[in-house]
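Let chain A serve as the given structure and place chains B, C, D, E and F on it in line with the hints.
6 protein chains.
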Amino acid sequence: MTTGKTGLVVTAHPGDFVWRAGGAIALHAKKGYRMKIVCLSFGERGESQWAWKKGDVSLSEVKAQRREEAERAAETLGAEIEFFDAGDYPLYTTPEMLDRLIDIYRELKPSFVLTHSLEDPYNVDHPEATRFAQEARIIAQAAGHKPNPDLTYNAPPVFLFEPHQPEQCNYKPNLILNIDDVWETKRKAFEILAAQKHLWEYYTRVALNRGMQGGRNSGRAMTYGEAYQRIFPQIVEELA
Amino acid sequence: MTTGKTGLVVTAHPGDFVWRAGGAIALHAKKGYRMKIVCLSFGERGESQWAWKKGDVSLSEVKAQRREEAERAAETLGAEIEFFDAGDYPLYTTPEMLDRLIDIYRELKPSFVLTHSLEDPYNVDHPEATRFAQEARIIAQAAGHKPNPDLTYNAPPVFLFEPHQPEQCNYKPNLILNIDDVWETKRKAFEILAAQKHLWEYYTRVALNRGMQGGRNSGRAMTYGEAYQRIFPQIVEELA
Amino acid sequence: MTTGKTGLVVTAHPGDFVWRAGGAIALHAKKGYRMKIVCLSFGERGESQWAWKKGDVSLSEVKAQRREEAERAAETLGAEIEFFDAGDYPLYTTPEMLDRLIDIYRELKPSFVLTHSLEDPYNVDHPEATRFAQEARIIAQAAGHKPNPDLTYNAPPVFLFEPHQPEQCNYKPNLILNIDDVWETKRKAFEILAAQKHLWEYYTRVALNRGMQGGRNSGRAMTYGEAYQRIFPQIVEELA
Amino acid sequence: MTTGKTGLVVTAHPGDFVWRAGGAIALHAKKGYRMKIVCLSFGERGESQWAWKKGDVSLSEVKAQRREEAERAAETLGAEIEFFDAGDYPLYTTPEMLDRLIDIYRELKPSFVLTHSLEDPYNVDHPEATRFAQEARIIAQAAGHKPNPDLTYNAPPVFLFEPHQPEQCNYKPNLILNIDDVWETKRKAFEILAAQKHLWEYYTRVALNRGMQGGRNSGRAMTYGEAYQRIFPQIVEELA
Amino acid sequence: MTTGKTGLVVTAHPGDFVWRAGGAIALHAKKGYRMKIVCLSFGERGESQWAWKKGDVSLSEVKAQRREEAERAAETLGAEIEFFDAGDYPLYTTPEMLDRLIDIYRELKPSFVLTHSLEDPYNVDHPEATRFAQEARIIAQAAGHKPNPDLTYNAPPVFLFEPHQPEQCNYKPNLILNIDDVWETKRKAFEILAAQKHLWEYYTRVALNRGMQGGRNSGRAMTYGEAYQRIFPQIVEELA
Amino acid sequence: MTTGKTGLVVTAHPGDFVWRAGGAIALHAKKGYRMKIVCLSFGERGESQWAWKKGDVSLSEVKAQRREEAERAAETLGAEIEFFDAGDYPLYTTPEMLDRLIDIYRELKPSFVLTHSLEDPYNVDHPEATRFAQEARIIAQAAGHKPNPDLTYNAPPVFLFEPHQPEQCNYKPNLILNIDDVWETKRKAFEILAAQKHLWEYYTRVALNRGMQGGRNSGRAMTYGEAYQRIFPQIVEELA
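First to last, the sequence lines map onto chains A, B, C, D, E and F. Going by numbering that gives the first Met the number 0, the residue at position 220 of the first sequence is 219; the numbering climbs one at a time, nothing skipped. Going by numbering that gives the first Met the number 0, the residue at position 78 of the second sequence is 77; the numbering climbs one at a time, nothing skipped. Going by numbering that gives the first Met the number 0, the residue at position 127 of the third sequence is 126; the numbering climbs one at a time, nothing skipped. Going by numbering that gives the first Met the number 0, the residue at position 97 of the fourth sequence is 96; the numbering climbs one at a time, nothing skipped. Going by numbering that gives the first Met the number 0, the residue at position 95 of the fifth sequence is 94; the numbering climbs one at a time, nothing skipped. Going by numbering that gives the first Met the number 0, the residue at position 219 of the sixth sequence is 218; the numbering climbs one at a time, nothing skipped.
Calculated from the structure, these hints are not laboratory results. Only a predicted model underlies this, so the values are computations on that prediction, with no experimental measurement involved. Be a bit skeptical, because a hint or two may be false.
Pairs count within a copy or across copies, as identical chains cannot be separated in the list.
To be verified - Cut-off 25 Å, straight-line C-alpha distance, at most; resulting in silico cross-link-like pairs (DMTMM-like, lysine to aspartate or glutamate):
| no. | residue 1 | residue 2 |
| --- | --- | --- |
| 1 | K30 | E236 |
| 2 | K145 | E60 |
| 3 | K171 | E200 |
| 4 | K53 | D84 |
| 5 | K52 | D102 |
| 6 | K187 | E200 |
| 7 | K30 | E81 |
| 8 | K29 | E81 |
| 9 | K35 | E118 |
| 10 | K52 | D84 |
Looking at chain A on its own, in the form it has when it is part of the complex (with noise of 0.2 Å):
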């Protein structure tokens, strides 16, 4: 079954859409969407502490390690995968990549994009990563750029994942999507990540307290949730 559809995540590791928005993609493939994550690097200086702590290992094989991990990830979730190597710790995006992500837009015309907060303290990569995904979204609406009469393109809705600590984020989430249909299949993207077992159940325990809430917001019985912070109003033809 597929809709036609697509929606697109961007992301400065792995680890970030398994935790953070691996509910959404499986639960998107599920309804037929073509889901395509961008991930702009490996995570391989600063989300690989387990392989450096190792010793005697060379960046490009922890690059590979952890290619591989994501790559089982997304697949799992229903994903396509593509990677930028944009670098971690810092993060550092180029002309080229910019280009890159703009014709992604214009070729997958996505229904919604994800991506990280707008700031967050903790980590230089994660709102560099929201930069990145809101500049590509807005050049590829302008009609100059590599110019065709044939392209139609609207900028997509903007959907923010939920960072580890949200409210030292400013992070105020004001939806929250019921993942209970692709728990199980989010729960095993966990588990691919073998090296951050602590994390499993952090996020795991972040999902059951965000389906409580969805629980309470809407009067309908949830049990896992995922949290995004909408940055773009909703038109909409009825309220409710």
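Using the frame of chain A, we list chains B, C, D, E and F on its own:
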């Protein structure tokens, strides 16, 4: 056509439901919702300048005039209206009024509530109406308030309609409702408020500009919009 | 010299108009404005420690002492003063007081109103005074309040004077008034508040530092300043 | 072991001191603080669904049940408890209650006060409890309130405990308390609230996630945390 | 008539100075100010859809078209214009451009600077222009930048003009300029931007609604207004 | 006496560590901390007006003068100082500087870091210094940055010192450090900055007013204070 669904509107004065929420009221009425307006005052002291400027008029005459006008406007929009006669400038709510509004919430089980912005430095009655609408919405959930084991009630989402000077009220719309289908009806309700002719054009311009913003945010054609600020997280089964 | 113009000051306690707005009062009095202070309490319970520490003193004695002091300070600054005797810690306003303040607004038609900050976590009376000053300012516009077809009244701009710990009150000054011409007068008024000698120096330092900030922001020499936060948009015919 | 120190907790309902502040209460009790809880209501109408759902129960029966439960929970945590019986949904405080709370502040001279967040759009009683706790804290400083020349009292620091949905309450924790030493006690207190079993797990997850955040922020091992928001500047003799 | 005074406008694209600041430019030009616009790009890629939609057009052709249009609009408003050709979507400023803008500040010694809002989630070029205008304004003060002992320069006040969707940009106007005297001129400049006819009406409505807000805030009649956000404190010798 | 503890200070210009953090530096040096200042520029262009006003002076002469002054001030305060020579107005950091600062974090393992406010509309170098200090603090944690399995490093708490106009920088202090014990030393460091005599008194007044605020917030006597804004949650074993 009825949907069995209902919507509740709590406003301080009659003009408010016309200028600010007239589109949502007419639209949902047209869709088959039972729409009910709780109008806390008649706007008799603060929004009836033309009547007082004539001189030699009593408070009850002004109230009667404005009630009649408000009833016609509500009827035009397709809504029921109930007045609480709480006075205006300032508006004082009583425990009895609170009790009545709680009953209304429980009886209507509305799919949504529309009310004023959280702040308004130009108007003391508006945030008081909001506070009152929220208080009743919450207490309606308390099992020990007029206990009834059969009661089912979920606190509905709240949407704040647009104040006269949004930025001064720290009002940030996050939803634009397309009201093209009912614009003529909303405009007709404007014209019942015969003494505020200058506001007819003002709020027509507001609707057109919100409409253009709606079009730009969605990529879908629309002409007239009404802005709302949702204040509780939205719970969804699918993004976009 | 009179200008026919007036200025209104609404404060919770006597010290407030001296420390926070004494410069503006003296300056505008000197320029020929009729300046009127509405002092809601005598600061009898919460700002008269020295009196109570002596023991064996009655509430009415403390009130009389502080009234006398406040009257001398007002006179020094060139202002009228009216006490509402609303009590302090906590300050309770009544409908009669509200009615009286509305009358004052309508009679004075002030060019500006000075009052407290919107928030003050150290003091419950201050934001209550602000709320009360704003409520009366708004109701004075209501044509149906004591209707009088001949009344002309425009709600004046409101300037919030500086609280004791500005940042803790989320107070952000956007205007600095040069009070060099009346500094000696303001200081003289300080010295009437004999029991709060430690605050003489504190608020002299505040005036000097606001003065230096004023100089840096304007490029014009000034020594003493008073900070204000304007809360409604300024309407102008020319920028700068 | 007693330290001569005390801590004061002001909550709207019994559940609040258990879920939100149970760790701080138990921890400081264990350290020898006299801990006192002022519980403004019994949560009889809004937080006793299970009782009302049975039907055929009176308000006083529900209050008695909940009082008994709250007393056991307080005892488990090592604290005294005093009920103000201010009602719930809505909670109404009286001048007599204010007077009583001021006396408690002056008698206890607490080293800290724990209370609710400043805002809570889901609950009208919570911010009312906070407002009331702050008002009494401030008035207790007023020398003219029940004057007593021998009184020494300094307004204590205030720490806001965590609401149910922190981000929706604009709550930003700036302190995490390590409650590992008393976790078992806090959990035992949870289990006294037999009818709210679903919240046992919810708040266990909150404690674990705050614990992990505490560990990441400090670099020191900890498992269970309780989040607080300090609202007055901390005065220190050394950083870090 | 010249006053010897000048005003500086820094915009990202040509449309910006017309829609957003055209009134202020024309008004101050009429008052005898030398008005200078620094237009960082020609809006060639992002704001020239109609040109690109025709196809078969080169970037330099589009730039030439838009330059011509912008020059005519500036002339209509009574201003000089200088282009920096920094590109658009995205706009990249260079050290040479910074150097040039610093020289302009020092030469003009403007009484005020007009530029974009601090944030704009719809447009990456706008906040970049603001950042750049602010950076040059500050560096122009540095005595060691192209040192010249005779230089006198005071950093001027900055006024942010209104973005397309003010609330989404966290833009809060605190000043409304009455542009009645130059409305016809501003409208004439609109009509030079022939391809953006839909915006003529949009920004006419914005001007009318800001005008009505200006009238309500001041009690003085006015029809057309332009909103600004002042970002440094105003230094005054008299209130109101 | 040494404690084995260290503190790190990252400032844009020499004056900054003296006016804003001189108390903390001297106090912790006195307590036996190794205190290290990283001073990114010499303030040669933007904060050396007196030198440039004389004319006929070279950039390297100004830098040498200011280096000498800064070294004496650091020595007076009891700190080491390292200059990055990143230029000022504007300050540009390089990857090499980032690398060096990361090394310093890892070598020092500081108990705290002091740096500028997050925003400063008057100064582009200040927030850039803050951003740079934060980036290095975070990358120092990345195991893959110069991997070393033996490295132990925890990112230290960050305290923002007070900018010149706190409210304009959206700076909200949440900590006041008592600097009575080292006031004379801090003042002596002021006097090394001979050309900025007007700031000696300004910052003496700031210290006295922060001191009085510290006394009021704590109930403990203190005369001189330095304000800080902590930006990560504090992790504690006891409240108050």
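Checked hints:
1. K30 to E236: both (23 Å within a copy, 10 Å between copies)
2. K145 to E60: between (37 Å within a copy, 15 Å between copies)
3. K171 to E200: both (23 Å within a copy, 23 Å between copies)
4. K53 to D84: within (23 Å within a copy, 37 Å between copies)
5. K52 to D102: Only across copies: K52 and D102 sit 18 Å apart there, 38 Å inside one copy, limit 25 Å.
6. K187 to E200: Close inside one copy (12 Å) and across copies (23 Å); limit 25 Å.
7. K30 to E81: Intra 21 Å, inter 45 Å, cutoff 25 Å: intra-copy only.
8. K29 to E81: Within one copy only: 20 Å inside a chain, 47 Å across chains, cut-off 25 Å.
9. K35 to E118: within (24 Å within a copy, 29 Å between copies)
10. K52 to D84: Close inside one copy (22 Å), not across copies (35 Å); limit 25 Å.
Consistency note: the structure conflicts with none of the earlier hints.
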